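Colleague: Hey, can you work out the whole structure from these sequences and the hints?
2 protein chains.
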Amino acid sequence: MNNNPTILIIGGVAGGASAAARARRLNESARIIMLERGPDVSFANCGLPYHIGGEIADRERLAVQTPESLRELLAIEVETLTEATAIDRAKKEVSVRRLADGSTDTIAYDKLILAPGASPIVPPLEGIQDDKIVTLRNLQDMDRIKAAAAEVDSVLVIGAGFIGLEMAEQLKHIGKQVSVVELQEQVLPQVDPEIAAPIAAELRSNGIELVLQDGVAGFKREGNQITATLNSGQSLTAGLVILSIGVKPESGLAKDAGLELGARGHISVNPFQQTSDPDIYAVGDVCETADPILGERAAIPLGGPANRQGRTAADHIFQGDKALEYPGSLGTAIVRVFDLALGSTGHNERRLQAAGVDYGHVTINAHQHAGYFPGAQNLTLKLLWDKKDGRVLGASAVGADGVDKRLDVIATAIVGKLTIDDLCHVELSYAPPFGSAKDPVNLAAFAACNIRDGLTDVVYEFPTDEDTQLIDVRPADLAQIRPIPGAVSIPLEQIRSRLGEIDKSRPVVTVCALGKMSYFATRILKQNGFNAASVVGGLALVPAPGK
Amino acid sequence: MNNNPTILIIGGVAGGASAAARARRLNESARIIMLERGPDVSFANCGLPYHIGGEIADRERLAVQTPESLRELLAIEVETLTEATAIDRAKKEVSVRRLADGSTDTIAYDKLILAPGASPIVPPLEGIQDDKIVTLRNLQDMDRIKAAAAEVDSVLVIGAGFIGLEMAEQLKHIGKQVSVVELQEQVLPQVDPEIAAPIAAELRSNGIELVLQDGVAGFKREGNQITATLNSGQSLTAGLVILSIGVKPESGLAKDAGLELGARGHISVNPFQQTSDPDIYAVGDVCETADPILGERAAIPLGGPANRQGRTAADHIFQGDKALEYPGSLGTAIVRVFDLALGSTGHNERRLQAAGVDYGHVTINAHQHAGYFPGAQNLTLKLLWDKKDGRVLGASAVGADGVDKRLDVIATAIVGKLTIDDLCHVELSYAPPFGSAKDPVNLAAFAACNIRDGLTDVVYEFPTDEDTQLIDVRPADLAQIRPIPGAVSIPLEQIRSRLGEIDKSRPVVTVCALGKMSYFATRILKQNGFNAASVVGGLALVPAPGK
Ligand SMILES: Cc1cc2nc3c(=O)[nH]c(=O)nc-3n(C[C@H](O)[C@H](O)[C@H](O)COP(=O)(O)OP(=O)(O)OC[C@H]3O[C@@H](n4cnc5c(N)ncnc54)[C@H](O)[C@@H]3O)c2cc1C
Ligand SMILES: Cc1cc2nc3c(=O)[nH]c(=O)nc-3n(C[C@H](O)[C@H](O)[C@H](O)COP(=O)(O)OP(=O)(O)OC[C@H]3O[C@@H](n4cnc5c(N)ncnc54)[C@H](O)[C@@H]3O)c2cc1C
Ligand SMILES: CC(C)(COP(=O)(O)OP(=O)(O)OC[C@H]1O[C@@H](n2cnc3c(N)ncnc32)[C@H](O)[C@@H]1OP(=O)(O)O)[C@@H](O)C(=O)NCCC(=O)NCCS
Ligand SMILES: CC(C)(COP(=O)(O)OP(=O)(O)OC[C@H]1O[C@@H](n2cnc3c(N)ncnc32)[C@H](O)[C@@H]1OP(=O)(O)O)[C@@H](O)C(=O)NCCC(=O)NCCS
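Same order as they appear, the protein sequences are chains C and B.
Numbering (the working numbering) for the first sequence: 140 to 686.
Numbering (the working numbering) for the second sequence: 140 to 686.
Simulated from the structure, these hints should not be mistaken for laboratory data.
These figures come from a predicted structure and were not determined experimentally.
Fair warning: there could be bad hints in the mix.
Note that the list lumps identical chains together, so a pair holds whenever it fits in one copy or between two copies.
Claimed, not checked - Quick list of in silico lysine-lysine cross-link-like pairs, DSBU-like style, CA-CA up to 30 Å:
| id | residue 1 | residue 2 |
| --- | --- | --- |
| 1 | K556 | K577 |
| 2 | K285 | K526 |
| 3 | K527 | K359 |
| 4 | K655 | K527 |
| 5 | K311 | K665 |
| 6 | K556 | K526 |
Modeller: Right under this line is the structure:
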């Protein structure tokens, strides 16, 4: 590479702009050209829903940088409204089309960085080509949705993933009637169902209509209204439809240039973000990187990975193999839905099952900070580990507060290859407003070790067989007010004196509100010779049958 | 050990009660006796200041468990108002005195767990024996202070550590005039001075008088008022004095019994919390455990370690050497002071210097969550690492929000022996209300690696030599409104075109508001052949001379 190399970047937002900025800091004399199809660069994609809902009032705040500021601060040649249309790897040249006048051109590169992102999936359904059926990816989409939303009373959101739910929440904030349709039987199919369940309840209690396990068969426009017919036959009518069923990598250019793609169409890269052509890098939503947990491939369309992958590509261009490798993506993600937050890191059960991993899992409920301090609220934390060696494989959590902190701790633990034993003793900050002497992360690890060590047996659902004795160990008054069908009430503090009432020849399952008292009860029963197990997470996690 | 061993526990709060609870869960048939000198067990020591200030309104909330609940739920024999007075290791017997009637007794043990905690240090100063000079350790102290505070207008807090500042804040909440005296030249001497500085400002801006670098020489009582004379000669008068200058381990019993103590009088234990007598364990504030970072000893008087050490002792009694070891303490700690939080984990500069470690450090300023999302506030994060291998050795942070999260992430990183390289890529949860695509932890690690890799040179203070050219790279308007004495203003975006104004033969130091723009400027200057460095943390961290 010569002393004044030309770094050409396709895509000017998260991955592309990060690469450009780091490249400039590493090298003052390189020519850095950034091509962007749209009119904007460096905007906060992740903030788009919040401007529609008015929570980010000032549109300008979404421009993290502008073409001008990138030129001024970083001497980057920014070409907006310029689309890359082909890559000639032999000539090391990219063909471009200037969208303002339709003119074309070619630009030579020494190193090419592909950061074109991903585009919203638009399935080929009947009636889908309609200006009232929209997707959200950039500021123009945002402006369009904001304007359209102002003129309608009701909005139909298709897809209950992260973006779909952010949109549902924000549209509700501005007074719309909102329905959400999701093909899976749960919202947020990225996380395990029991962790997502409180979010469904939160949406409903905020007046959002939720239709689960149903897909859209087609749309019909009548006047200003769109009617979506669902697979079930049900139909829903709204003034505006937001499609948010996922994204697909914009890897067309790469594919046409013969670069290696992964199974789902993402560009394959090595830990320096190099594609199969060493002069071409790919970063962000378009690429597929390592899954450091399972040693497989991972394509994670999120802002953090895009930013840091962009930085990695720049590092490798100027530092060569001494550059810091991108270690792969865990998929740490979070979403706020009204008063709750939900997130996850690493793998969920479905993924681990698919990979054939023999994993254990437990879910605990605990306060996010000292229970005796005002504002204590429940946090539900699920931890998954490898039965082989206790290594943490993933976690998910839901609650009003403190979800992000616990996920971040566990994400860091995954990077450190920590085990559930290690997590028993991670020493987290504790003062009453911030945590507890035993943080929920410690408690989840305790509970995990207790299962692993056979101190307790657990079930994850209510027993359905006739033989099993279900014992409700909650305080007597609670058991009376809200009895659990089929359960005998023996409050925890009476168990030792009432063992005679339980049949030792039949299995016993204990249940309580949060899963803690039933664990205590199970310990007593097991040591007294009973075949006992407790319901993980208690009623908070597994609502009693008939509820 | 026989099948129904007697586990005797001295001390019934954090460490003692945790050991008792875990012991019972591990063994239904053991006799578990817990001796407590005071009338209460299992109370929330950490909540005491907040009841005095009314933030925890209900006193009963501070009783996490009661003697009755421990008996009912865990079948623990709780003996309150019972003081252990001697340990006979040969006979495996403890002498006790019942404080209600002064009677004495002996209790035999198979295993003994010492969890007597630590007591507030009361220096032998003139006039210190006065009922208006108090310390805070238990509910009785709390009641006494609450009652006394109600009758005075002003309170003098001696010692600006965690508890001292919590008390100062809470007393201010209930309208008292509060002065704080601290011997060191900073508040919170546990953390590096620049991180503690915003807390001093926060205290002062909330109307608290702060006297630093001055100690109390003696007290004088006049009527209802106490006057403290300071070493400087200054005197302060208040209706009530709270002594919070630290704690010392209650290791008298252990010492008398010939157990091995550490250099500062704590009981030495192994990773199973066993003392030099294998049948005697020590947990909590009274013991000295491992410092996993430096491989030395650590005595950390905090709730988390006490709870988990108690659990460890119980584990070892019933599981033997298969039990999970206590890995030592990092000293992760946090405190809220009005609208700010401050905390640290691992080691600070003073400690690393004392240990002769060749460490690097950097401090960054960043928003706690996306800057474009409402509520973004500055967070200051300091990271320390081993220059030998990049391993993270410690961190401290101060800010309005998100301090606990970053410390917990870094505490976990320390457990995983992660390096600053690893922290560049920890993948933390990001959605606008929770974080940023590049989390402050990532940014601190980037900045650390940039220093380590020689991409930038840094200074931690303003240059004082005549030769060095100080360049203020902030926007021109800011530089004009609040000029930095001795600095030439060249806004970042003009640096490239105004290089000719800077003397290449003399050193250059760049400065900005937060330390980021000056880093960018330094990169430009270095690549243009200047001997340049930037002021770490900018004006936010190192106020300009003359300010
Ligand atoms: C509404 C919304 C909310 C989100 N919320 C979050 C969140 O809370 N947290 C999170 O981590 N992530 C979130 N994301 C995802 C995050 O924004 C993306 O992962 C990230 O922006 C990907 O970066 P990228 O550089 O790969 O692609 P992008 O940021 O999408 O940038 C790609 C750019 O390339 C341009 N481009 C494409 N093809 C060409 C071409 N041929 N020529 C020229 N230019 C081209 C596109 O116009 C686009 O501007 C959100 C995304 C959206 C849309
Ligand atoms: C005001 C205050 C605020 C705090 N805030 C925090 C915080 O925010 N975060 C944090 O992590 N930590 C905090 N701590 C520290 C934390 O409470 C202690 O680290 C923890 O309680 C130590 O547990 P322990 O079991 O060793 O001792 P303790 O909890 O103090 O229990 C020891 C008990 O043993 C009894 N005892 C002593 N000697 C005998 C004897 N000979 N016979 C019988 N009984 C005996 C004592 O009466 C005492 O009740 C705070 C402490 C105080 C006082
Ligand atoms: C903003 C953008 C252009 C990247 O710019 P950037 O300069 O690399 O990123 P930041 O502004 O976060 O600054 C990071 C740099 O400043 C340094 N830095 C930050 N704070 C610092 C401080 N207080 N002291 C010293 N250095 C600091 C970091 O080390 C890093 O420099 P390096 O990469 O050379 O190590 C790009 O991220 C972008 O376009 N973002 C918007 C789009 C987006 O991210 N979307 C998805 C999420 S909404
Ligand atoms: C409360 C106290 C008596 C200890 O009791 P404890 O039962 O060990 O502690 P907790 O109530 O936190 O419960 C933890 C136990 O419940 C289990 N648990 C907690 N939530 C659970 C859930 N949802 N599902 C299953 N198990 C759960 C944990 O695994 C642990 O059991 P284990 O040790 O056998 O693994 C003791 O900590 C105490 O006295 N605290 C007050 C004083 C104090 O700590 N002061 C300093 C800080 S203010």
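Colleague: A separate judgement is required for each hint: does it hold in the structure or not?
Modeller: Here's how the hints hold up against the structure:
no. : hint        : verdict
1   : K556 / K577 : both (21 Å within a copy, 22 Å between copies)
2   : K285 / K526 : neither (49 Å within a copy, 52 Å between copies)
3   : K527 / K359 : neither (53 Å within a copy, 67 Å between copies)
4   : K655 / K527 : within (26 Å within a copy, 45 Å between copies)
5   : K311 / K665 : neither (50 Å within a copy, 52 Å between copies)
6   : K556 / K526 : both (14 Å within a copy, 23 Å between copies)
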